[in-house]
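Q: Using the sequences and the hints given, assemble the complete structure.
This is what each chain is made of:
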Amino acid sequence: MSPVVLPAAPEGGRGSRRRGRRAGPPRGVCAVRPTRKWFRARDPVVSSFVSTRIPQTVRPGREGDVVCAVRGLTKTYPAVRGRRGVPGTPEVRATDAVDLDIRRGEIFGLLGPNGAGKSTLVRQMTGLMRPDRGSVEILGHDIVRHPERAARILAYLGQESTALDELTVSLAAETTGRLRGLDVASARAERDAVLDELGLAPLAARPLRRLSGGQRRLACFAAALVGRRPFLVLDEPTTGMDPVARRAVWAAVDRRRAEHGATVLLVTHNVIEAETVLDRVAVLDRGRVIACDTPSGLKEQVAGEVRVELVWRERAPLDVPEVAALREAAVESGRRWTLRLAPEEARAAVATVTGGDAFAALDDFTLATPSLEDVYLALGGDARGLVKA
Amino acid sequence: MSVVPAEVLPGRAAPAQDTAGRGAGPAELGPRARLWPALSAVYRAQLSRARVARIPLLFVATFQSVGIMILMRGVVDGGHEARAVVAGASVLVVAFVALNLLAQYFGQLRASGGLDHYATLPVPPAAVVLGAAAAYASFTVPGTVVTAVFGCLLFQLPLAHLWVLAAVIPLAGAALAGLGAALGLLAPRPELATLLGQLGMSAALLLGVLPPDRLPSVVRLGRDLLPSTYGVEAFARTFDGHPDWAVVLLDLSVCAGVGVASLAVATWAYRRAAVR
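Just so you know, the sequences run in chain order A and B. According to the working numbering, the first sequence is numbered sequentially starting from 2. According to the working numbering, the second sequence is numbered sequentially starting from 64.
Quick caveat, the hints were computed from the structure, so don't treat them as lab data. Predicted, not measured: the structure shown is a model, and the values here were computed from it. Mixed in with the good hints there might be a few duds.
Unchecked claim - Label-pair ranges, simulated between beta-carbon atoms:
(1) GLU161(A) x ASP303(B): 50 to 56 Å
(2) GLY262(A) x SER316(B): 53 to 59 Å
(3) ASP133(A) x TRP308(B): 57 to 63 Å
(4) LEU110(B) x HIS147(A): 53 to 59 Å
(5) VAL245(A) x LEU110(B): 40 to 46 Å
(6) ARG335(B) x ARG316(A): 55 to 61 Å
Stated by the list, open to error - Derived coverage of chain A by chain B (criterion: at least 3 residues anywhere in the stretch with Cβ under 8 Å from a Cβ of chain B; other residues may be distant):
(7) 123-135
(8) 176-187
(9) 192-206
Idealized CB from N, CA, C, for every residue including glycine.
A: In structure tokens, the structure reads:
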């Protein structure tokens, strides 16, 4: 068995997600930038990322005008008393003093696992739910005091399609347009344009219920776009969609942004999507905004870290002392170990597992620069429930 | 852009000028959907659902009423009682669809979050409720007519005044659909909405089809409270050779009154359910 030589990090080279997949012995390629500042998870510094004002103050050149301002938004679900056979639930603070500023023309994301309070927050911002405290102002309108105005300035794509399920794609889009105040002719014209744009024209005569999950979602997205609105609120719009449909969604969003200056609030639990489409992202955990910045800005916070994933063939060779030492830093999930290490530590770890006795037990390993998921973990969030796809 | 220090804000609404550094005032609001266009859009959309999902249920409603009339043929022996049976069975189709199915529809829509779709569109609540109620009342037309014609032939009643169904269906339909929508929107859980809808229909069945003379007085009181009763009575009276049109009109206006009230309650219930 020959030891694997790790290539030196190219100067200024950006670390990329590459994996060494093993046919015989594992081969790994790592390219990390050792010059980034070392950041340790759960460092006290973390608490300073709580304020949403951080991005504005650190990057003064990038301020646009704010189209949506949320201040001190708080919503608590009351405790539910247990009944026979049903345990009660304690009081839950679903939204906890949330502050947000969303600027004109940006795609602003709310990222967090299921149950982090994303949808509850969005429902308050769209006038569907009254907050206990705090204010929401969209394009100069107070949505807490006048929730009915929300329907006239924003389009909302919720997670449910039950209202449209039994309609055909065409009628769903047309009816939604008419209920947004369009007359018959313009509702039909916009319907046709949107269905063509999203590639839904061949499905126009099919009822939503008979479509696949992704197609149905796309049809609901089409309905949300009929009757132009300057502010789009999309709650997990691409759930279940294939890559073609996803591209259609992001192209349509971009077009509305470029041509009409539309602003988008996007709810997602998909970290890859968040990294690729969002201009800025607020990270939610248990109803609180624990960070708010651009995806790359957030990743800077953990730039000193390298994620090392090790997959063992059957089980870890704990008889190797170096491997046993690594176990303390690892998050184990079956045969997979995930470690977040400083570049030098990562280099040493990889050298350990790719040489000597440990190598025989190794199935696969990956070195990667941090993703938003790592940011989420570093900020103290519970990343179970985040999706990478 | 002015930045509000976070310490100033906890738990308090920020003054407007602090929240955004815009020079212009509030953005122009999009148009509001007006009542009649919105109502007709909802009506059309709801009607199209029938093609997809409701036709089997409409058959069930009709067969149920026809079956009941055949059963009752062995019990009643023509005359006044036969009229009550035919009228009751015909209005039962309206109760099945407008009350029972609409209660289920709104119950499910509310529970699944489907109301969010309408609540985030600038549409008057009355348009959603009236559009859905009108569509469900329309679903009942074929079944009611088939039942009435079949009943008239079965019990040898005159077909001359069947045109009165043109008034009975919309008015009883409005009253029962309003009731169904209100039950569906007010029920805390969808199963409860289904249950209430079923109970309402059972009440319409028992109190409408069974001739009132044979009912105990308490049940008769319940019969008087049920809006469908007045539709049944109005219809039953028209089987006379020379119907008393004033009384028919009175019965129908009770239906209309209850219809207006129950649709108003349903609209209020929709408003309440839409913003939680």
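Q: Within 53 to 59 Å: is that where the Cβ-Cβ distance between GLY262(A) and SER316(B) falls?
A: Holds: the Cβ-Cβ distance is about 55 Å, inside 53 to 59 Å.
Q: Quick check: does the Cβ-Cβ distance between ARG335(B) and ARG316(A) fall within 55 to 61 Å?
A: Roughly 58 Å apart at Cβ, these two residues keep to the hinted range, so it holds.
Q: Can you tell me whether the CB distance of LEU110(B) to HIS147(A) sits inside 53 to 59 Å?
A: violated (33 Å)
Q: Can you tell me whether the CB distance of GLU161(A) to ASP303(B) sits inside 50 to 56 Å?
A: 52 Å Cβ-Cβ, so the 50 to 56 Å window holds.
Q: Quick check: do three or more residues in the stretch 192-206 of chain A have a beta carbon closer than 8 Å to a beta carbon of chain B?
A: violated (count 0)
Q: Using the C-beta atoms of VAL245(A) and LEU110(B), is the stated range 40 to 46 Å upheld?
A: violated (33 Å)
Q: Are there at least three residues in the stretch 123-135 of chain A whose beta carbon sits under 8 Å from a beta carbon of chain B?
A: holds (count 8)
Q: Taking beta carbons only, do three or more residues of the stretch 176-187 of chain A come closer than 8 Å to chain B?
A: With 9 residues closer than 8 Å to chain B, the stretch 176-187 of chain A meets the three-residue bar; holds.
Q: So the hint says 57 to 63 Å: do the beta-carbon atoms of ASP133(A) and TRP308(B) match that?
A: Between ASP133(A) and TRP308(B), where Cβ atoms are some 58 Å apart, the hint holds.
Violated hints, listed in ascending order, are 4, 5, 9; each of the other numbered hints is respected by the structure.
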